[in-house]
Amino acid sequence: MANYELNAKGLLCPMPVIKVQQKIQQLSKGDILMVYCTDPGAQFDLPAWCRVHGHTLLAVQQQPHEITISLRVG
Amino acid sequence: MTTIQRKAVALISGGLDSMLAAKVIQEQGIHVEGINFYTGFCVEGHTHAIRKRDADKVKRNNALWVAEQLGIKLHIIDIIEEYKNVVLNPKHGYGQYLNPCLDCKIFMVKKAKEWADEQGFDFIITGEVIGQRPKSQRKVTMPIIASQSGAEDRLLRPLCAKNLPITVPEREGWVKRELLYDFSGRNRTPQINMAKGFGLNDFAQPAGGCCFLTNEHYSKKLADLWQAKGKRDYEFDDIMLLKIGRHLRPKPNFKLIIGREEGENLFLEGYRKQFTHLKVISHMSPLVLVDGEPSAQDLALAAQITARYSQGKDCEKVEVQITTQSGVSWVMPVVPLASNAIPETWYV
Numbered sequence: 017m018a019n020y021e022l023n024a025k026g027l028l029c030p031m032p033v034i035k036v037q038q039k040i041q042q043l044s045k046g047d048i049l050m051v052y053c054t055d056p057g058a059q060f061d062l063p064a065w066c067r068v069h070g071h072t073l074l075a076v077q078q079q080p081h082e083i084t085i086s087l088r089v090g
Numbered sequence: 474m475t476t477i478q479r480k481a482v483a484l485i486s487g488g489l490d491s492m493l494a495a496k497v498i499q500e501q502g503i504h505v506e507g508i509n510f511y512t513g514f515c516v517e518g519h520t521h522a523i524r525k526r527d528a529d530k531v532k533r534n535n536a537l538w539v540a541e542q543l544g545i546k547l548h549i550i551d552i553i554e555e556y557k558n559v560v561l562n563p564k565h566g567y568g569q570y571l572n573p574c575l576d577c578k579i580f581m582v583k584k585a586k587e588w589a590d591e592q593g594f595d596f597i598i599t600g601e602v603i604g605q606r607p608k609s610q611r612k613v614t615m616p617i618i619a620s621q622s623g624a625e626d627r628l629l630r631p632l633c634a635k636n637l638p639i640t641v642p643e644r645e646g647w648v649k650r651e652l653l654y655d656f657s658g659r660n661r662t663p664q665i666n667m668a669k670g671f672g673l674n675d676f677a678q679p680a681g682g683c684c685f686l687t688n689e690h691y692s693k694k695l696a697d698l699w700q701a702k703g704k705r706d707y708e709f710d711d712i713m714l715l716k717i718g719r720h721l722r723p724k725p726n727f728k729l730i731i732g733r734e735e736g737e738n739l740f741l742e743g744y745r746k747q748f749t750h751l752k753v754i755s756h757m758s759p760l761v762l763v764d765g766e767p768s769a770q771d772l773a774l775a776a777q778i779t780a781r782y783s784q785g786k787d788c789e790k791v792e793v794q795i796t797t798q799s800g801v802s803w804v805m806p807v808v809p810l811a812s813n814a815i816p817e818t819w820y821v
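In order, the protein sequence lines correspond to chains A and B.
So for the first sequence, the numbering used here puts the first residue at 17; every next one is plus one.
So for the second sequence, the numbering used here puts the first residue at 474; every next one is plus one.
Just so you know, not all the hints are guaranteed correct.
[Unchecked claim] Subject to a maximum C-alpha distance of 20 Å in a straight line, what follows is the list of computed EDC-like cross-link-like pairs (lysine to aspartate or glutamate):
| # | chain 1 | residue 1 | chain 2 | residue 2 |
| --- | --- | --- | --- | --- |
| 1 | A | Lys35 | B | Glu554 |
| 2 | A | Lys39 | B | Asp551 |
| 3 | A | Lys35 | A | Asp47 |
| 4 | B | Lys716 | B | Glu734 |
| 5 | A | Lys25 | B | Glu742 |
Simulated from the structure, these hints should not be mistaken for lab results.
Based on the provided sequences and hints, a complete structural model is requested.
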């Protein structure tokens, strides 16, 4: 199990989801991925994407112009 | 004897018809997963995400939301680059605007078939209904889509299957034809009743469709872009910027993209290093990007137009900061252009 990061800042939905989808294909079950986004839509789309694919959403942290979403690969 | 679990991939747009088509096949015991293609022209979320004034609107991705309702996986595929050829060279032509709907459907079914082959899925489902769309969903286009996509009789349209020739999943007994439907025409009542029957009460029905290419204003801006470029081509950033702001073309050699509110200005900020940009510094002002090759005289006009859209529009003089792509910046005092000095023909 390892920790990974993905910079999806400046991307509009659904691009953050597509980038996460691509990244997760290279990861293993149990790995943690931190995703940095700026599109407010990501805080809805990424949790929804995690739910339909069986990944675990760990946290959504919202700063003024940035959202950090962490998830565990299922 | 063990039965093989058959698998279908459903094209999920986020609208009602594709959701129902997938549901009908799920109900027959087929394992369904969804696929959604991102072309760059999708209306989904973008403008809501960008504009502050749309802050209260739902920002959900409808395709993902549909997948959750159905309890299926959804694979979102980036086809931005490949899709260019569909937009630029549609074999079957455009619809009312620059929407290449028939070529688009053929392309998406073809991509879904490729995905199905790679992933070991048995057939493809769409939510098409004969007569639903004037360009792509007609009796005559259904076999064209099936054949030119290469899907042939592995393409099943559950909502109108009874009006179409039998397909592989029906012939092989994977799905029962008698449990499929014979919808046709633009009447939405059968779909809405079916949704109620399935207990699906919340679904997206965008009035203008889910693609910016079906939008008259957007298509005009895209045509203007091609004319200014001198060729039919685009980059991803081009088509994103066409979704944002007020576009004015005072002269053939340059265009201004003017943020209309805080959210759009924030979005345009991200493009400051790629464009010469202007902002009134003596008053509240939108950010204005200059797309093209403006002369010094053109920049003076751009500054006056920028001033017109600032809160200093009625002042005798305002100060406009102009910054080039290379970062060179200077301040130009200008008289804001009078509103009647901006002809309608400048608005793209």
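Status of the hints after comparison with the structure:
1. A:Lys35 - B:Glu554: Holds: A:Lys35 and B:Glu554 sit about 16 Å apart, inside 20 Å.
2. A:Lys39 - B:Asp551: Satisfied, since the Cα-Cα distance of roughly 14 Å is no more than 20 Å.
3. A:Lys35 - A:Asp47: holds, 16 Å
4. B:Lys716 - B:Glu734: Roughly 14 Å separates the two Cα atoms, so the pair holds.
5. A:Lys25 - B:Glu742: OK: A:Lys25 and B:Glu742 at ~13 Å, within 20 Å.
Comparing the model with each earlier hint shows no violations; every hint is respected.
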